Every structure is written in structure tokens, then in C-alpha cells.
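Read top to bottom, the protein sequences are chains A and B.
The first sequence begins at 28 in this note's numbering and counts up by one.
The second sequence begins at 388 in this note's numbering and counts up by one.
Just so you know, these hints were derived from the structure itself, not from any lab.
Every value quoted in this text rests on a predicted model; they were computed, and no experiment measured them.
All residues carry an ideal CB built from backbone N, CA and C; glycine is no exception.
Using 25 Å as the maximum straight-line C-alpha spacing, the simulated PhoX-like pairs for lysine-lysine come out as follows:
(1) A/K101 to B/K522
(2) B/K560 to A/K89
(3) A/K89 to B/K545
Okay, the calculated bits of chain B under chain A, using three or more residues with CB under 8 Å as the criterion:
(4) 541-553
(5) 563-572
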Amino acid sequence: MRAFILILLLIPFTLLAEENIATLRNADISTEPDAPRMGNEENKDLKRKRNYPMQPPTIPHKIAGYRIDLNSNKCLSCHSRRQVADSQAPMVSVTHYMDRDGNFLAEVSPRRYFCNQCHVSQLDVKPLVENTFQDVDAILDEKKKK
Amino acid sequence: MLNKVKDIWQTISHPSRYYSLGILIIAGFVAGVIFWGGFNTVLEATNTETFCISCHEMNNNVYQELKSTIHYTNRSGVRATCPDCHVPHDWTDKIARKMQASKEVWGKIFKTISTREKFLAKRRELAQHEWDRLKANDSLECRNCHDFQYMDFTRQGKRAEEAHSTGLTNGEKTCIDCHKGIAHELPDMAGVEGW
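The whole structure should be built from the sequences, with the hints applied where relevant.
Here it is, written out as C-alpha cells:
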């Protein structure tokens with residue numbers, strides 16, 4: 028009985044909460060809605076501006092089918108220190124060759140091995156949610172005005 | 388009994404003594420069609436994907452990996468099957484490759500890669516064989532479909548255009564030099580040039 032009352036008490040809260048949840052599913056749990064269209068990865072090979080100096084640069088090309096695993100790392104087959112002369116791709120930042128004690132290694136440090144943990148390709152699509160991000164220049168400008 | 392065998396041997400060793408030349412020519416022609424046709428049918432049957440993946444070694448490892456790649460599924464529905472890339476299309480080269488493949492029959496019988504673990508342990512060696520083969524024949528199997536003559540560099544991405552118009556055009560490099568692991572997963576690439 029007590030449990031029943033507790034459930035009754037909780038119902039209004041769950042109803043309230045439901046209104047605030049921004050769902051991406053938009054369909055009943057028992058149905059399988061159509062998957063959203065896949066976007067096209069941008070493939071212009073043009074470097075993009077970084078919004079603040081420490082931002083991991085976004086990938087300006089397609090990476091579909093690039094494997095990064097124990098055996099191979101497709102990104103490094105162009106961007107590693109040894110390959111850049113051949114590929115003319117930008118070399119992986121020197122910080123990626125440092126272990127956590129600051130020692131420089133000959134190969135990319137294992138803790139930086141999985142490139143797409145930080146670096147991602149971009150899609151030319153309408154954003155799903157509004158983005159109020161301001162880059163560092165905008166913030167500095169605002170401060171100057173004050 | 389012995390006489391009967393002797394009789395048959397005499398007929399076989401001197402057939403023209405017992406049959407007319409016309410019959411022999413026609414019989415020879417018919418037998419030739421049957422034998423050659425049979426040989427070729429069997430050869431072609433071993434040159435299909437269904438045959439390749441009838442062994443669990445191929446079906447459970449390399450075939451599953453192929454499925455997510457562009458050579459299996461893509462927007463236009465043109466796809467490559469195992470022999471398109473792994474068996475030469477010209478007859479003489481094909482026969483040579485088929486003879487080499489007798490080693491694969493040996494491997495099947497003695498279970499060289501009968502488990503996933505054995506397969507992974509041997510993967511680098513097996514991959515190296517295919518890389519060497521494609522390097523030696525200037526990526527012939529790639530070029531059966533991807534003909535360099537009809538490649539429009541202006542329709543390619545900037546990086547693809549750059550690579551194809553230099554190394555590939557002057558013959559310094561061939562497809563497999565850069566396009567390793569496009570249809571299957573890669574082995575440990577430590578020490579492989581370019582990785």
C-alpha cells in the first residue's frame with residue numbers, strides 16, 4: 028500500500044519531467060522510427076579556424092572507413108612524423124609524442140593514439156540543438172567594449 | 388577374365404584397327420567437349436564467392452570483414468566478390484593461381500587457420516602474400532575495374548588527385564602501396580612500409 032502511494036506521488040513528477048526531456052526519438056518505444064539521414068562529411072581539405080588556441084583541430088576531410096585499432100592506425104599512415112614527407116600532411120602535434128612525464132618518444136604516445144577521441148570530421152548539416160558557444164575572440168571583444 | 392582384359396587393351400592400344408577413323412574423330416571430339424567442359428565448369432565453380440565462403444575459415448573471418456566495406460555495400464550496388472580481387476582473370480594466370488591454391492587445400496585439411504586465434508596469428512603472413520602478389524602484377528585485380536585510363540582526377544578529392552597524378556601516374560607506386568586494408572581488417576602493421 029505504501030509503495031502504491033509512493034508511485035501515485037511520483038506520477039506528477041514524471042509527467043512534469045517528460046515535458047522537459049528533449050527527445051531525439053520522437054516515436055513510441057515499441058516502434059522503430061526511420062533513422063535520420065546520414066550527413067555528408069566535409070572533404071574540402073581546407074584547414075578550419077580554431078576557436079581557442081588549445082582546440083584540437085577538426086578534420087577537414089572524410090575519414091569513413093579509417094581504422095584505428097591495436098593493429099593499425101590509418102590516420103598515422105599520413106600524419107605521423109615518419110610519413111609527413113611523403114604525404115605532405117600536417118604532422119601530429121609534438122605534444123602527442125610526449126608521455127605523461129614530458130619525455131619525448133619516437134612514436135605517438137599510447138595515450139594519444141586514438142585520434143578521433145578529440146579530432147572529428149565535420150558534417151554540413153542543420154544543428155539539432157541551438158548552440159550558444161562563443162569563441163575566444165568574441166569573448167575578448169565583449170570584454171574590451173566593457 | 389585375363390583374355391577379356393587383353394582384348395580391351397588391344398582395342399585401346401590400337402583403336403584404329405577396330406573402329407573407323409570417322410567414329411574415332413567424332414568420339415574424340417565429343418569426349419574432348421565433355422572433359423574440357425567439365426574441367427572448366429568445375430574451375431568456374433571454384434571461382435565463386437559461394438565456394439569461397441563454404442569454408443568457415445573464409446566465411447567467419449574475411450567475409451564478415453568485407454561486408455561493411457565499400458566493395459560489398461555502396462550507393463550504386465556494384466560489388467566485388469572474392470575472386471574479383473583474389474583470382475587473376477586471364478586464363479593462364481588463373482590456372483597458375485589455382486595451382487598455388489592447392490596449398491590452401493593443404494591448409495584446410497591440416498587446419499592451419501581453423502580457429503579465429505590461429506587465423507589472427509597467421510594473418511600478417513597471409514596478408515603479406517596478397518600484398519606481394521598485387522605489388523608484383525601492378526595491382527592487376529584492382530585495375531580490372533579501376534582503369535587508370537578512365538580516371539578523372541578533377542572529380543577526385545584534393546588529396547586523391549595529388550597522390551594519383553604523381554606516384555601512380557609515373558609508375559613509382561601501385562594501388563596496393565597505399566590502399567591496404569580497404570576490404571579486410573589489417574594485421575599488426577608494425578614494420579610495414581608506410582604505416
